[in-house]
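Protein chains: 2
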Amino acid sequence: MARNKVGSHTFRPEIPVYIGNWASVAGKKEAEGPLGHGFDIRSMDTRFGEKTWEQAEKRMQQLALDRLLEKAQLKPRELDLVFSGDLLNQCIGSSFSLRNTGIPHLGLYGACSTMAQSLLLAAMAVGGGYADRVVAMTSSHFAGSERQYRFPLGYGGQRTPTAQWTVTGSGAALVTSQPGNISIESATIGTVTDLGITDAANMGAAMAPAAFQTIRTHLEDTHTTPNDYDLIVTGDLGTIGVEALMQLCREAGISIGGKLTDCGNLIFDPIAQDVHAGGSGCGCSAVVLCSELLGKLHSGKLKKLLFCGTGALLSPTSTQQSLPIPGICHAVCITSGR
Amino acid sequence: MARNKVGSHTFRPEIPVYIGNWASVAGKKEAEGPLGHGFDIRSMDTRFGEKTWEQAEKRMQQLALDRLLEKAQLKPRELDLVFSGDLLNQCIGSSFSLRNTGIPHLGLYGACSTMAQSLLLAAMAVGGGYADRVVAMTSSHFAGSERQYRFPLGYGGQRTPTAQWTVTGSGAALVTSQPGNISIESATIGTVTDLGITDAANMGAAMAPAAFQTIRTHLEDTHTTPNDYDLIVTGDLGTIGVEALMQLCREAGISIGGKLTDCGNLIFDPIAQDVHAGGSGCGCSAVVLCSELLGKLHSGKLKKLLFCGTGALLSPTSTQQSLPIPGICHAVCITSGR
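Top to bottom, those sequences are chains A and B. At position 147 of the first sequence (counting the first as 1) the number is 713 in the working numbering, and the numbers step up by one without a gap. At position 277 of the second sequence (counting the first as 1) the number is 843 in the working numbering, and the numbers step up by one without a gap.
Chain A extracted, bound-state conformation:
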């Protein structure tokens, strides 16, 4: 078996890998939510000074990367690589944000699991000695997502109670070989799991089986139980998906109860902000990780976190063709040295 592989689907970086810095950019609604105070950049202009929603998303990634570089005191050419992706068709948020920066780029598509996927690959690249400074980055935009996946906003469509609200935001994290107090200890790569959910307005339910699969695999591969973690954070199952995941865990005899939380449930106030089943979008778990969660790991309030990015791998075309919604979940175990 490969020397840095652990169990069936998990790996540990060959050399220690650290998360050195992070940055988050968020829109108005996100800034008004319970985590609003923690975001680095908060904009009241949801177009971020650009003409279109898609260009606003590109701009958010540029802002997140610029702020990250500023915090890390690095120049763009000092980065070895950026792993990034987003929800826009052909991931134009990511590719346009890196145009002519001269930074090597590998584009990803993992729907809302992209933050975990990019972190995992960054850990592989740095841990394998291929790179010293790699950025993991992603974004999403409520208005761009609505018109691409559902209806144009002007149409005023009613949202169903199971619908989640796509977060307007971008998060970026610097994964590096330079020692710091936050490490990536291991990561579990997910499999495409599909139990036949076809309701595109209930993505939490579609993703829950993938989250369950990956969390169970991670616990088995690393010989741990939920008690070994301070927090197991999914992103983003929302209220419905979390309930489904809890049920799957109960049935499998995994007591995850007191440990589980979800980025989609953390980012908005369920009473004051009407988002139905919670937040979603690549940007949701990205901004929650790159503010609240990494902040608490940095201060030592969290010692060991399992960050589980969940993605619904549907497209409007697959939905129109009555196909079910495959889900995926990648898990990254992040620990604090404090």
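Derived from the structure by calculation, the hints contain no laboratory data. Accuracy of the hints is not assured; some may be wrong.
Repeated chains share a single entry, so a pair holds when one copy, or any two copies, can fit it.
Simulated crosslink set (DMTMM-like; lysine to aspartate or glutamate; CA at most 25 angstroms straight-line) [said to hold, decoys possible]: (1) Lys617 - Asp760; (2) Lys571 - Glu644; (3) Lys571 - Glu751; (4) Lys637 - Asp606; (5) Lys641 - Glu786; (6) Lys617 - Asp765; (7) Lys641 - Asp760; (8) Lys571 - Asp698.
Quick caveat, the model's predicted, so the values are computed rather than measured.
Put chain B on the given structure of chain A with help from the hints.
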């Protein structure tokens, strides 16, 4: 500097990495082309038994993966990981093909550079000791691409002389730590390069600057010249893009002339098959690599190949918004031990 990094944007796998097996699936037009005899599976049914073009694309990936596993005498659960992506919105060709297979999956978006990108990441994963058997896979479908990026086929739109023809096909390669006679020696990660081309029907011109950038970087990083390679293969610049790349090389004093060829120019007969500026699509460089090129490396007819996947990172939305077309190119150096 990271111990397996070479020069600015290039890396060498930590331990030797091999390409053990490969498989290709192609449609009718591709089967009738000059490389037709070399494809493992040739279908006269462009729907591959499915109801839609998108599901046909999924089916091609399944067929490519099945044939690859058959050749390698492996079961799905013996694979550590599949890196794959395609051109369909939200990459549904890739995610649907791996539904419920239990194989760990990381989704990519690199447009037509995806075959090179997936090979490069597979080399990183195997070389870093994270995995022993990784599949790099991609696909494209002419009819699905036409209706997504341009016009529905039934509309009968005229193609411009600079247009390229999206290949219907899928290619898959097994990257492994098990010694064989084809090795991945090094790889260069591309940067998003944009010189302002806005004509979405001239993607060769849009991608040529990225190809030039990456080839030049690879030669500098590895201290080689085009003469050190038997072949430098881009995929897919087509006739217009190759001319532009030749001109950029001439201006930079790089004599690439006798060494350069392009998957988009190899796959169709320019006279007998009317494809204007050549083939394109993720599937183009994938099927050419996973038949003709790896075949010639296996037999020793080629000793050293620089495989340069080129992608145009546009979307219909970015084109409608009058934005230019960013390009990217990743290069993988593949050598034969024969």
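Status of the hints after comparison with the structure:
no.: 1; hint: Lys617 - Asp760; verdict: between (38 angstroms within a copy, 20 angstroms between copies)
no.: 2; hint: Lys571 - Glu644; verdict: between (29 angstroms within a copy, 13 angstroms between copies)
no.: 3; hint: Lys571 - Glu751; verdict: both (12 angstroms within a copy, 22 angstroms between copies)
no.: 4; hint: Lys637 - Asp606; verdict: within (11 angstroms within a copy, 52 angstroms between copies)
no.: 5; hint: Lys641 - Glu786; verdict: between (41 angstroms within a copy, 22 angstroms between copies)
no.: 6; hint: Lys617 - Asp765; verdict: between (32 angstroms within a copy, 21 angstroms between copies)
no.: 7; hint: Lys641 - Asp760; verdict: between (43 angstroms within a copy, 20 angstroms between copies)
no.: 8; hint: Lys571 - Asp698; verdict: both (21 angstroms within a copy, 9 angstroms between copies)
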